[in-house]
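Q: Listed here are the chains, written in short residue letters.
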Amino acid sequence: MLNVRKPRSTEGLVRFESVTKTYGRHPAVENLSFEIARGEVVGFLGPNGAGKTTAMRILAGYFAPTAGHVKIDGMDLFKEPQKTKRNIGYLPEVVNLYPDMRVREYLAFVSELKGVPRRDRGAHIEEKVELCGLGDVSKRLIGRLSKGYRQRVGLAQALVGDPSVLILDEPTTGLDPKQISEIRELIRHLGKTRAVILSTHILPEVSMVCNRVIMIHHGKVLASGTVRELEACLRDREAIFVTVGGADCEEPAERLLSGIRGVENVRVVERHEKEIKFCLETSQSRDLRPEVSEMFVRNAIPLLEVSRDQLTLEEIFLKLLKDGWFQGGKSG
Amino acid sequence: MKKVFAIARKEFASFFRSWTGVLTGVMFFLITGIFFVMLVLSYAKISMDPRGAGFSSFPDLSQTHYIFGSFFLNVNVILLFLVPLLTMRSFAEEKKHETLELLFTYPLSDLEIVAGKLLGLIWFFEILLVPLAGYFLVFHLLGGEVDWGPVLSGFLGFWVLGVAYLAAGVFISTLTKSSVMSAMGTFGLLVIFWMMDLAPMAGGGGWPLLISAMSPLKHFRNLTYGILDLRDLVYFGFFFFYFLFLSLRSIETRNWKNV
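Chains as they are written, first to last, in this note's numbering: chain A, 1 to 332; chain B, 1 to 259.
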């Protein structure tokens, strides 16, 4: 579908331009640059203390960076805060709301602060209440709500004013599995028309919800790309694990495996009484598993298991950390 | 400006959500009421024998001067306790509950936040003044002679003093996460201001006079006598905006503080 109503489509909706934030001498975020376009759900990934929350707080306009610029739709966030902050919805890591206010009353307060016109306010709040599933609790005191509901009120307040940029700091923590999947579905839905940036340390969540991942570590971008791209860049060396039965099979199995074209470095990784597990590395993009199983069947060697190493985001992340591989070929 | 009112309304309403607001109000009415009744009774007693009480003639002993002038002078001491109770929550509680974080991410300027909070507090303080007016009205209806000029300027003085103290209390509240610390700090600060007024008792010379000239009470006293001097109003204006400015600076520190 062609979208002709976007004059600034060449520029990302959110632009971080070499943003640095130091606490004392310690840089929490260092020279961080990235862009996010409308319609993208970007996962912000990193171990604790990587600078995720700091980066998100800067993006939300909570505090100014020590150096660098943040632009929302081409406008500088800290030069024109009033205008730009209208486009931002922020769900903090720990959702703190006024415990002595009622849900609807609170959302009315927020919509007033965000400048939602008075005549639209009722319908606007109603819509957010509906979207976040708050209908049953809308007249209750926030302080009496369960954590899951409070999280939803937090999400609802972020959505008030229909911001084009949503910043969600660990949106699914403290929710039960059903709520988690509901919230994820909601985020995916919201991400179609907005730029969503979401931080998490639950890695599978990223592959489920996000189009793109930005990994940060020590306040720097470690890698950035789609989940598939990140996987691909590490998949040039892939491992296949083959488990055969019986101690007497070791020697013929090893010979067979070494004979396969494109296989290098066959080694035994585990040896039990009746099972031997081999690991073979291959640089081929072709899946070798059918070939391996066919060969073992032909040679009557009991084959118990063949598996290919599925690289998960965790492994990518750990590998990136270990290799010190940075975006743009810089290495630390 | 709409946003300032939104915050002010929320701040004002928060006094009625918990018992603190109502309790503070009741205590205030009670104490001021006792003060007022005591003054009326003592006036009644003195008026029987003015000479014995040290007044040269009966006309010296005007009801307005004796009752209302002393009333406001006495009641200002209550502000030392009242204001810390009112302002202790304004920022300290938001800092403790970390609700400020969200407030800072809304399209609001820091000035709008501080001004809104102060305005809400001033509204509540004004509500507390209503029954004071009631005392005077009852006194008037019962046949007391009231010279409305000094009474109104006394009222103005009390309002101005309260608003100035509230600004100071809000500033102290921005410094800490704990309501208790905020209340104690504000009380301490107000007591210092109160004692500055007593400086000339410590000795003569220029310094004590200068210090007492900087005390809000010195300027407040003129107003309770019915003297409307522009200099006193300028002083309170300066006092108010100075603490407003300090509060703004204080919440701005989030930009560079090592949190």
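Hints were generated in silico from the structure; no laboratory data involved.
Heads up, the beta-carbon is just placed ideally off N, CA and C, and yes, glycines get one too.
It is possible that part of the hints are untrue.
Said to hold, decoys possible - Output of the computed footprint for chain B on chain A, the stretches with three or more beta carbons under 8 Å from beta carbons of chain B:
#1 96–102
#2 215–227
Claimed, not checked - Simulated pairs of lysine-lysine, DSS-like, Cα-Cα distance not exceeding 27 Å:
#3 B:K45 to A:K83
#4 B:K218 to A:K147
#5 A:K79 to B:K95
Q: Confirm or reject each hint.
A: Taking the hints in turn, this is what the structure says about them:
1. Requiring three or more residues with a Cβ within less than 8 Å of a Cβ of chain B, the coverage given for the stretch 96–102 of chain A holds, as 6 such residues are present.
2. Check result for the stretch 215–227 of chain A against chain B: violated, 0 residues qualifying (beta carbon to beta carbon below 8 Å, three or more required).
3. A C-alpha spacing of about 66 Å is found between B:K45 and A:K83, which places the hinted pair above 27 Å, so the restraint is violated.
4. For the given pair, B:K218 sits about 53 Å from A:K147 by alpha-carbon distance, which is inconsistent with the 27 Å threshold.
5. Between A:K79 and B:K95 the CA atoms are separated by roughly 25 Å; this keeps the pair inside 27 Å, and the hint holds.
Of the numbered hints listed earlier, those contradicted by the structure are 2, 3 and 4.
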